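Make the full structure from the sequences, and use the hints.
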Amino acid sequence: MRYILRRLGFFLVTLWAAMTVNFFLPRLMPGNPAMAMMARFHGRLNGDSLHAMEVAFGVNSGESLIAQYFSYLGNSFTGQFGRSLTFFPQTVSHVVFSALPWTLGLVGVTTIIAFILGTLIGMVGGWRRGGLFDSILPPLFIILSAFPYFWIGLLSILIFSISLGWLPTGFGYTNGTVASLSWGFAWDVIRHAVLPAATIVVTSIGGWILTMRNNMIMTLNEDYVRMARAKGVSSARIMFDYAGRNAILPNLSGFGMSLGLVVSGAILVEYVFSYPGVGYMMLQAVLNEDFPLMQALFLFLTLAVLLAILVVDGVTVLLDPRTRGRT
Amino acid sequence: MSAVTSDRPRRSPAGLRALRSLGRAILGNRKAMVGAILLAICVVMAAIPGLIAPGDPNAEVFMPGQGPSAQNWLGTTSYGQDIFAQFVWGARQSLIIAVVAGLFSTLLSALIGVTAGYLGGMADGLLSMLTDVFLVIPAFPLVIVLAAYSKGGGNLMIIAVLVLTGWSYGARQLRAQVLSLRHREFLTAAKLRGERNWRIITHEILPNMVSLLVANFLGASVYAILTAAGLQFVGLGNVNTNSWGTMLYWAQNNEALQSGIPLWAVVPGLGIAGLGGAFALLNYAFDEISNPVLKPVRRRKARLTAQGKAP
Numbered sequence: 000m001r002y003i004l005r006r007l008g009f010f011l012v013t014l015w016a017a018m019t020v021n022f023f024l025p026r027l028m029p030g031n032p033a034m035a036m037m038a039r040f041h042g043r044l045n046g047d048s049l050h051a052m053e054v055a056f057g058v059n060s061g062e063s064l065i066a067q068y069f070s071y072l073g074n075s076f077t078g079q080f081g082r083s084l085t086f087f088p089q090t091v092s093h094v095v096f097s098a099l100p101w102t103l104g105l106v107g108v109t110t111i112i113a114f115i116l117g118t119l120i121g122m123v124g125g126w127r128r129g130g131l132f133d134s135i136l137p138p139l140f141i142i143l144s145a146f147p148y149f150w151i152g153l154l155s156i157l158i159f160s161i162s163l164g165w166l167p168t169g170f171g172y173t174n175g176t177v178a179s180l181s182w183g184f185a186w187d188v189i190r191h192a193v194l195p196a197a198t199i200v201v202t203s204i205g206g207w208i209l210t211m212r213n214n215m216i217m218t219l220n221e222d223y224v225r226m227a228r229a230k231g232v233s234s235a236r237i238m239f240d241y242a243g244r245n246a247i248l249p250n251l252s253g254f255g256m257s258l259g260l261v262v263s264g265a266i267l268v269e270y271v272f273s274y275p276g277v278g279y280m281m282l283q284a285v286l287n288e289d290f291p292l293m294q295a296l297f298l299f300l301t302l303a304v305l306l307a308i309l310v311v312d313g314v315t316v317l318l319d320p321r322t323r324g325r326t
Numbered sequence: 000m001s002a003v004t005s006d007r008p009r010r011s012p013a014g015l016r017a018l019r020s021l022g023r024a025i026l027g028n029r030k031a032m033v034g035a036i037l038l039a040i041c042v043v044m045a046a047i048p049g050l051i052a053p054g055d056p057n058a059e060v061f062m063p064g065q066g067p068s069a070q071n072w073l074g075t076t077s078y079g080q081d082i083f084a085q086f087v088w089g090a091r092q093s094l095i096i097a098v099v100a101g102l103f104s105t106l107l108s109a110l111i112g113v114t115a116g117y118l119g120g121m122a123d124g125l126l127s128m129l130t131d132v133f134l135v136i137p138a139f140p141l142v143i144v145l146a147a148y149s150k151g152g153g154n155l156m157i158i159a160v161l162v163l164t165g166w167s168y169g170a171r172q173l174r175a176q177v178l179s180l181r182h183r184e185f186l187t188a189a190k191l192r193g194e195r196n197w198r199i200i201t202h203e204i205l206p207n208m209v210s211l212l213v214a215n216f217l218g219a220s221v222y223a224i225l226t227a228a229g230l231q232f233v234g235l236g237n238v239n240t241n242s243w244g245t246m247l248y249w250a251q252n253n254e255a256l257q258s259g260i261p262l263w264a265v266v267p268g269l270g271i272a273g274l275g276g277a278f279a280l281l282n283y284a285f286d287e288i289s290n291p292v293l294k295p296v297r298r299r300k301a302r303l304t305a306q307g308k309a310p
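Protein sequences, first through last, are from chains A and B.
Per numbering that gives the first Met the number 0, the first sequence starts with residue 0, numbered consecutively.
Per numbering that gives the first Met the number 0, the second sequence starts with residue 0, numbered consecutively.
If you are wondering where the hints come from, they were derived from the structure by calculation, not from laboratory data.
Computed from a predicted model, the values in this text were never measured in an experiment.
Here a beta-carbon is modelled for each residue, glycine too, at the ideal position from N, C-alpha and C.
There may be inaccurate statements among the hints.
Which bits of chain B does chain A cover? Going by a derived footprint, with three or more residues having C-beta under 8 Å, they are [claimed, not checked]: (1) 49-62; (2) 226-239; (3) 264-270; (4) 276-282.
Short derived list, chain B residues pointing at chain A, Cβ under 10 Å [as the list claims (entries may be wrong)]: (5) Pro137; (6) Pro140; (7) Ala146; (8) Ala147; (9) Glu203; (10) Leu205; (11) Pro206; (12) Met208; (13) Tyr222; (14) Gly273; (15) Asp286.
This is the structure we're talking about:
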């Protein structure tokens, strides 16, 4: 219980830190670049939106810094981020929520696939250390993880879309089709997601493999594994229930860090494939100097990562009885 | 005082020995060999691009959009620049960014990680919290936000941003290492001798973490290479300089893939991957070399290899 409370506290602190960074960054930059941006809104905004953006960027507001800070925090919690410049009459929250499902789908699914595959490969690699399997797959994927995500994406477009013509080059669905809940549309979305997803899986799997393999090797040396062997427990059970279950714990706690990396890579992958998710939107916002949209997207990405970490913490509690202790 | 003077000569041979064993380890490890060779190629290109590809790499003097030929080994861009020359000249920036950002990240990691681990208590709690927060906030979005606000800052801005977002992972590792060293006898001895804190840190703790620091530097450099390339690729660096990231930016902007000059996008990517791969391979090899010596798990590992060899 105390473990969960501590993690919740961390969640809040990090979220607060991200918001604070958002608040102070534009103010710290020389010449406050947001000023110029606000000028472009001139006369097109009123009421709540205007006020939300004035306190967020510290422009034209008669209030003190502290008052601005607190109204900014309040606005963030209630989803008042003002309006987007790129997609003008729409509010920032509206744009964010239209992009979020794409990214959650893409990054969520690929992260789970990469985690499961990587953990399995690492587990088997560590189990049969030095075997054929172990000497090919782990080094291969570790080298692949040194490649830039977006470049692997470019390469896969070149091979699978342009040369072979098997899959579309980009975007989330065929241009012109209407989003609907039909099989045809779902198939279209999946076809468009294959290349970006494969790119993310291939480049992010190496980290999981490496840590899992090393942990597995450590765990296999524990006395309880030897004891299990002596008792005559079947190999598969030792691998999964005895060694695997314990070796996976550091991988889970490393999940947070890795997720940040995956999200970072996914932004560029989305950009390469013009995939209509948060990363693509964010870069669009940057190119148009659409700071309210950019900041809100940053905040939501952080929030998504933090929520995923909370879920993983929950799983850790289930797998590791030590975290359930009373102390 | 005698304790200090007898301390000195014992240290430097140890450093020398470490260097020699490092050389031997690189030669003996295939991954390290490949990494070192890749790195050497990049260093040569960065040092003397003018000798390998003479002339201005940005001169638009060739037929645009050509495939490989005797004159242009890798073809030309759609502006009529030689891709090979651009590739060779691009190495310098990527390498400089990698090394400088890697170095400063490692310094910052060491400063925060070692301080936290050594001081303990309240200071440790706060610094660890700071480290964890920076670890968890997704770095690249933050990098983008930072870069967007400080547009046009060039390489210095990129390096600053990379250091600011890249130190946390190392700090956490170094802190853990300090914690595991903190109760060793040689540190107790140093404290009993009455050594000052900063001296204990610089003369007793840091020499014992050299290989971890090197590993950290390599890891931070890989991060710097990939992130800088990403930033330049989306046009957040200075797009008028020569680097592999900016090459990719121009290639993407001119739809190099679709218009039949894929080499324009493929080649700089290979450069980035080669340089990143060199650091990653060296790091991986380093892990294998340094882990059994340094980490507290060494006895367990040694036993394992002994068992493996025994039957």
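Hint check against the structure, violated hint numbers in rising order | 1, 9, 10, 11, 12
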